[in-house]
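Let the sequences and hints guide you as you build the complete structure.
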Amino acid sequence: MYRHLKITLMLLPALAVLGGLFLGGLFLGLMRSFNYMPVIGLTRPSMDAYLAIFSDREFYRSFLLSIHISFTSTLISCVLAVGAALLLRRLHLGRTVITFLFQLNLTVPHLVGAIGILYLFSQSGVFARLAAEMDLISRPAEFPALVFDPYAIGIILQYVWKEVPFIGVIVLANMQTMGHDYEAVARSLGATRWQGFRYVLLPLIWPGLLSASVIVFAFAFGAYEIPALLGAHYPAALPVLAHRKYTDVDLAARPEAMALAIVIAVLSAVMLAIYIRISRRRNGC
Amino acid sequence: MIGGDGIWARWFRTLTCLFLLVWLSLPMVPLAIWSFAHGWFFPDILPQEWTLEAWRHALSDKSGVLDALWLTVGIALAATALSILIGVPAGRALGMHRFRGKAVVEIMIMAPIIVPGIAVVLGLHSVFIWMGLTNTVSGVILVHLIPTLPYVILVMAGVFANHDPAFEAQARSLGASAFQTFRCVTLPAILPGIIVGALFAFLVSWSQYILTLIIGGGRVATLPLVLFNFATSGRNDLTGAIGMLYILPGLLILLITARQLSGCAGAVGGLGRV
Numbered sequence: 001m002y003r004h005l006k007i008t009l010m011l012l013p014a015l016a017v018l019g020g021l022f023l024g025g026l027f028l029g030l031m032r033s034f035n036y037m038p039v040i041g042l043t044r045p046s047m048d049a050y051l052a053i054f055s056d057r058e059f060y061r062s063f064l065l066s067i068h069i070s071f072t073s074t075l076i077s078c079v080l081a082v083g084a085a086l087l088l089r090r091l092h093l094g095r096t097v098i099t100f101l102f103q104l105n106l107t108v109p110h111l112v113g114a115i116g117i118l119y120l121f122s123q124s125g126v127f128a129r130l131a132a133e134m135d136l137i138s139r140p141a142e143f144p145a146l147v148f149d150p151y152a153i154g155i156i157l158q159y160v161w162k163e164v165p166f167i168g169v170i171v172l173a174n175m176q177t178m179g180h181d182y183e184a185v186a187r188s189l190g191a192t193r194w195q196g197f198r199y200v201l202l203p204l205i206w207p208g209l210l211s212a213s214v215i216v217f218a219f220a221f222g223a224y225e226i227p228a229l230l231g232a233h234y235p236a237a238l239p240v241l242a243h244r245k246y247t248d249v250d251l252a253a254r255p256e257a258m259a260l261a262i263v264i265a266v267l268s269a270v271m272l273a274i275y276i277r278i279s280r281r282r283n284g285c
Numbered sequence: 001m002i003g004g005d006g007i008w009a010r011w012f013r014t015l016t017c018l019f020l021l022v023w024l025s026l027p028m029v030p031l032a033i034w035s036f037a038h039g040w041f042f043p044d045i046l047p048q049e050w051t052l053e054a055w056r057h058a059l060s061d062k063s064g065v066l067d068a069l070w071l072t073v074g075i076a077l078a079a080t081a082l083s084i085l086i087g088v089p090a091g092r093a094l095g096m097h098r099f100r101g102k103a104v105v106e107i108m109i110m111a112p113i114i115v116p117g118i119a120v121v122l123g124l125h126s127v128f129i130w131m132g133l134t135n136t137v138s139g140v141i142l143v144h145l146i147p148t149l150p151y152v153i154l155v156m157a158g159v160f161a162n163h164d165p166a167f168e169a170q171a172r173s174l175g176a177s178a179f180q181t182f183r184c185v186t187l188p189a190i191l192p193g194i195i196v197g198a199l200f201a202f203l204v205s206w207s208q209y210i211l212t213l214i215i216g217g218g219r220v221a222t223l224p225l226v227l228f229n230f231a232t233s234g235r236n237d238l239t240g241a242i243g244m245l246y247i248l249p250g251l252l253i254l255l256i257t258a259r260q261l262s263g264c265a266g267a268v269g270g271l272g273r274v
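Protein chains in written order, with our numbering: chain A, 1 to 285; chain B, 1 to 274.
Don't take every hint at face value.
Covered by chain B, per the in silico footprint, the following chain A stretches (three or more residues, Cβ under 8 angstroms) [as the list claims (entries may be wrong)]:
#: 1; segment: 27 to 37
#: 2; segment: 53 to 67
#: 3; segment: 95 to 102
Because the hints were derived from the structure by calculation, they are not lab data.
Here a beta-carbon is modelled for each residue, glycine too, at the ideal position from N, C-alpha and C.
So, in structure tokens, the structure goes:
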């Protein structure tokens with residue numbers, strides 16, 4: 001009995017803070033998305049906010065854009081990160097230098113990376129200037145639109161820049177703890193290099209890769225400041241749309257903003273469930 | 001080494017390595033150049049004139065950048081201290097004990113790492129208005145606990161999973177009080193973990209944008225908010241200088257922890273959300 005009391009007391013402050021702030025925030029957002037708030041006199045819940053956003057073309061375009069941003073950047077980051085890790089584990093000096101750069105990159109806030117991408121890829125940015133130097137273009141407007149563009153290329157470039165090191169460090173650590181033995185056995189039994197990677201190494205790093213991808217996907221889906229800085233005005237990424245509706249002068253838009261927040265929360269809950277399943281299975285065997 | 005390496009394979013590897021090096025450092029280059037540039041117009045590859053004007057303005061009292069810097073440091077320190085205070089006992093419970101409902105508690109702690117801030121903060125805003133916490137520094141500190149606390153708990157749970165309680169039992173049996181035992185036995189053993197957890201929490205709070213924007217209502221102007229405003233108003237030189245200032249703590253923290261970080265994937269996961 002005493003032991004249970006002790007554990008409860010140790011956990012209580014943390015659960016109170018996370019329960020109050022995190023679950024409380026989600027719960028209040030849910031109530032307000034139904035326009036239900038008895039404290040301020042809204043006693044009749046309604047589905048109007050959801051009906052409004054689900055019948056609006058802008059919502060679907062924003063939703064698809066956000067899915068595109070997170071899916072494409074996760075996929076590219078994973079492929080490049082595994083490639084980089086395969087390359088780095090064979091180099092000694094290069095590995096130390098690049099692992100340091102990877103970690104350095106992890107400490108740089110996304111916002112700074114986004115501004116860097118803006119200065120590199122905008123129509124008057126570094127690459128546009130280089131193109132002008134080589135007489136490929138004569139005016140900024142002739143440089144292809146890589147930021148504020150409808151395909152979110154700038155946003156994806158930023159996430160790839162930031163997440164390749166994140167996934168790379170995890171995969172590299174995974175590979176180092178495994179060593180070369182499994183692959184060496186496969187090769188000695190006649191497997192080709194590709195077979196050794198596809199059927200031996202990849203299954204071994206898969207759980208780590210997958211859980212890192214889930215974190216990256218959820219982050220890219222829900223982050224605000226990167227699409228706010230690098231995105232086109234229409235369609236805007238879902239978090240930007242939610243913020244825009246929340247700060248709208250028309251207060252009636254607020255429940256719609258809450259409904260968008262709930263849509264983001266539901267999608268990230270799915271991500272959370274996948275993440276937990278992966279880590280359970282990994283600990284299980 | 002697996003398999004033979006031809007000369008082409010080696011060249012390919014070196015080139016790709018160089019490409020990685022350039023690509024990783026590339027976005028920081030124009031920021032650094034802009035901070036010393038005086039008018040850097042298309043199509044100049046480099047600025048016509050170099051100047052310290054942006055740095056002088058950023059570091060003067062007028063611009064408010066230094067105020068923002070200290071405010072951000074203060075908020076991050078407060079959120080870190082609170083997270084340590086609350087997170088260390090929770091980490092101990094999770095790292096050293098089995099109990100019913102543990103899985104639920106773990107999900108509860110993982111959830112804020114996956115669920116984005118915007119999904120939570122819009123709902124929270126209305127109750128913070130009611131409690132008078134919006135547009136205040138204390139409100140911002142409180143909301144920063146949502147992302148910082150889980151990291152501290154996860155790091156501490158890892159530390160306590162390898163912690164041997166027998167030493168504490170011995171100290172108690174030799175007559176040490178509960179406080180003395182904590183002070184002289186437990187604390188020295190977990191201190192490295194606390195430091196790593198604190199540095200993560202600091203960096204996570206340091207990089208928050210949307211939580212500060214909504215709860216601070218634009219009145220609590222931390223460095224990322226100031227940086228965003230300059231970046232969208234076209235003051236590229238000041239943006240460069242503030243951007244450089246903004247990445248400084250992360251750099252320092254990396255240099256301090258470079259050894260603890262290497263090969264510790266769980267700990268690196270903490271930096272992933274920065």
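Violated hints, by number in ascending order, as checked against the structure: 2
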